[in-house]
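One-letter residues, chain by chain:
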Amino acid sequence: MDQPEFRFYKLSFLLPGLLGLLAVILFPLFFTVRVSLSGWSAVSPGLDFDGLANYRALVSDVRFWQSFERLAGMAVGTVLIQYILGFAMALLVWREIRYRRFFRVLFLVPMMTTPVIMSVIWRTILHESLGPANDFLGLFGLGPYPWLTDGSFAMASVMMVEVWQWTPFMFLLLLAGLISLPREPFLAAAIDGAGPVRTFFNVTFPLMAPVSIGAIIIRLIEASKIMDSVYVLTSGGPGTATETAGYYIYIRGLKDFEIGYAAALSVTYLVVMIVLLTVIAKLLVRTFVGRGT
Amino acid sequence: MARIHLEQVGHSYGGGTYALEKADLVFEEGLTYALLGPSGCGKTTMLNIISGLVRPSDGRVLVGGTDMTDVPTVRRNIAQVFQFPVVYRSKTVFENLAFPLRCRGWNTTRLRPRVEEIAELLGMSKRLGQSARNLTADEKQLVSLGRGLVREDVAALLMDEPLTVIDPQMKSDLRRRIKQANARTRHTVVYVTHDQNEAMTFADEVLVMRAGRVVQRGGAQELFENPRDTYVGTFIGSPGMNFMAAERIGGRIGFAGVALLPATAANEVPDAADLRIGIRPEHLAFSNDGEQGIPASVNFVQDQGSFLIVDLTVASQTIKVKVRREVRIPSGPARLSFPAERLRLYADGALLTP
Chain Y
35 MDQPEFRFYK LSFLLPGLLG LLAVILFPLF FTVRVSLSGW SAVSPGLDFD GLANYRALVS
95 DVRFWQSFER LAGMAVGTVL IQYILGFAMA LLVWREIRYR RFFRVLFLVP MMTTPVIMSV
155 IWRTILHESL GPANDFLGLF GLGPYPWLTD GSFAMASVMM VEVWQWTPFM FLLLLAGLIS
215 LPREPFLAAA IDGAGPVRTF FNVTFPLMAP VSIGAIIIRL IEASKIMDSV YVLTSGGPGT
275 ATETAGYYIY IRGLKDFEIG YAAALSVTYL VVMIVLLTVI AKLLVRTFVG RGT
Chain L
1419 MARIHLEQVG HSYGGGTYAL EKADLVFEEG LTYALLGPSG CGKTTMLNII SGLVRPSDGR
1479 VLVGGTDMTD VPTVRRNIAQ VFQFPVVYRS KTVFENLAFP LRCRGWNTTR LRPRVEEIAE
1539 LLGMSKRLGQ SARNLTADEK QLVSLGRGLV REDVAALLMD EPLTVIDPQM KSDLRRRIKQ
1599 ANARTRHTVV YVTHDQNEAM TFADEVLVMR AGRVVQRGGA QELFENPRDT YVGTFIGSPG
1659 MNFMAAERIG GRIGFAGVAL LPATAANEVP DAADLRIGIR PEHLAFSNDG EQGIPASVNF
1719 VQDQGSFLIV DLTVASQTIK VKVRREVRIP SGPARLSFPA ERLRLYADGA LLTP
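Chains Y and L, in that order, give the protein sequences.
327 is the number that the numbering used here gives the last residue of the first sequence; the numbers go up by one with no jumps.
1772 is the number that the numbering used here gives the last residue of the second sequence; the numbers go up by one with no jumps.
These are calculated hints, taken from the structure and not from any lab test.
The C-beta atom is built at its ideal place from N, Cα and C for all residues, glycine as well.
Treat the hints with caution; some may be incorrect.
Claimed, not checked - Label pairs and their calculated CB-CB ranges:
(1) Leu126/Y - Gly1432/L: 53 to 61 Å
(2) Pro230/Y - Gln1501/L: 45 to 53 Å
(3) Lys1544/L - Phe40/Y: 54 to 62 Å
(4) Lys316/Y - Lys1544/L: 31 to 39 Å
(5) Phe235/Y - Arg1493/L: 19 to 27 Å
(6) Pro166/Y - Gly1432/L: 44 to 52 Å
(7) Pro230/Y - Lys1544/L: 31 to 39 Å
(8) Pro166/Y - Pro1490/L: 17 to 25 Å
(9) Leu215/Y - Lys1589/L: 48 to 56 Å
(10) Thr321/Y - Asp1571/L: 53 to 61 Å
(11) Asp1488/L - Val110/Y: 45 to 53 Å
(12) Gly1433/L - Phe235/Y: 48 to 56 Å
(13) Ile1727/L - Pro230/Y: 40 to 48 Å
Bound conformation, chain Y alone (with noise of 0.2 Å):
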């Protein structure tokens, strides 16, 4: 095989995934750059040169803003609740007990739910006249909850559901960690006279430092992303008290129809989050690694 038809072959056969990053990733991504830059809107469509003015308008759009931070809020928020429950959940069903394999099935069952349609079932039980969990707490005397329509509720009302839907594959991805541990640890611990709690936080905590972050790390950049049980559940309501940045994105292009000031929206979240989870990736491999494993 000579050299100009062996390179003719290479590039065939890289050619269908390339152009599918092209038309799916990069094309997209430098269309909203250069979208970001144009005056695009229901009243003005249309791809002209609006320079920065998208840019210089969201630095002081504080519901943005505001929706970022709830976002890190809820993000931060339920990931630590998922790993706390996860962990709690794995650690039940990783020793021989009883049914042990209908447990680590049963713990899964949320995760294999849709998403919509559960949020869906979620808002249904928590309406506040005609659900079942209003209801419910009404045998024991309390309630009626505002679940959706008071602001620090709705925001623990999707938290809840966040949590209740995700916990499962923060469960998965700790079982799989503390079942390919090494038993030698434990076995020393056990003859150092470590109980249960000492050899939980000498052994299997630190060695599991390296599961923890990859986990934590796919939970936050999943969970960044929350948005379809925001716009079932509340709709980013009460007023914007559930809005996240994914969501006021969402609202701005898709329903304002401000395509251009949508897309240097998006861009900048991009940016940010890139950045953000890059610092909080560090973070965690240098608290996690540098102290413990």
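Start from chain Y and add chain L according to the hints.
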């Protein structure tokens, strides 16, 4: 410190064949024992039974006369060092050594002198403040050992192939430090290894194991000179003992048509199906010109530095001879001398006492 008695102890995992056959074994107080054998012969199982990580399916474990069979590991006062060094990576060397004491409720003022004493013993005083994570493998293994030594209530120290993952250059240094530490603390030590040099140099007594059974126990010299069966003979020594099919020559025992053993020995020989003569490669020598000897032909020579291993054929049987490298090796035909006092006779694999 205590005497450990395994009373009719045996173990089978999941009720199958016995990983460890039922037997009585005693480890005397303050002595060092090595369990030597190939992988899967039950060494680690025996160790785990002593430490309580495995509950034997048969028999009782007596430590200092007390029945400990059902006492959990945590309350057994046994220290164990594993094949892979285990350190608490999030802690400093000091905190690692202090950990077993902290588990027993000691406060810092009380445990500090003890930890410093053990660090001194292991030659790790300068490293106390360091994070255990950054230690080399042999230092980590020393810390593992230190966690066992630091406890004052230790009845026995068990070591499960502690030098396997250590670099060869570090091995002898680590072995020396472990030995020194032991000489000072005088614990009962049970040391598992598949390295015979390690076993021989380390232990007061070596227990050779095979298929869940202790085949022979004794000092290094005893195992070398009087292996109880052909398995021990082959397993101990490098290379192992030579075994030649023996024949009866007019009331005497010999091979290749030459009578080697006197009639007295021959008289005691039962009518065994398989009769063999064993001799160590170190005990064979080339006959000088004019001396008697059995004719042999040299196949090849392995150079091991200070020694040469010569592979010969004698009457269609292969024999190895280990000689110092100064010895002149005849090319082609040679004559071998078999010193009678070094010959051992085996009937169906078992040693016949001369």
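Here is what the structure says about each hint:
1. Leu126/Y - Gly1432/L: 53 to 61 Å: About 25 Å separates the Cβ atoms of leucine 126/Y and glycine 1432/L, which means 53 to 61 Å is violated.
2. Pro230/Y - Gln1501/L: 45 to 53 Å: violated, 25 Å
3. Lys1544/L - Phe40/Y: 54 to 62 Å: For lysine 1544/L and phenylalanine 40/Y the Cβ distance comes to about 60 Å; the hint holds.
4. Lys316/Y - Lys1544/L: 31 to 39 Å: Holds, at about 32 Å.
5. Phe235/Y - Arg1493/L: 19 to 27 Å: Given about 21 Å between the Cβ atoms, the range holds.
6. Pro166/Y - Gly1432/L: 44 to 52 Å: holds, 49 Å
7. Pro230/Y - Lys1544/L: 31 to 39 Å: holds, 35 Å
8. Pro166/Y - Pro1490/L: 17 to 25 Å: violated, 48 Å
9. Leu215/Y - Lys1589/L: 48 to 56 Å: violated, 28 Å
10. Thr321/Y - Asp1571/L: 53 to 61 Å: violated, 37 Å
11. Asp1488/L - Val110/Y: 45 to 53 Å: holds, 48 Å
12. Gly1433/L - Phe235/Y: 48 to 56 Å: Roughly 37 Å apart at Cβ, these two residues miss the hinted range, so it is violated.
13. Ile1727/L - Pro230/Y: 40 to 48 Å: violated, 55 Å
Comparing the model with each earlier hint shows violations of hints 1, 2, 8, 9, 10, 12, 13; every other hint is respected.
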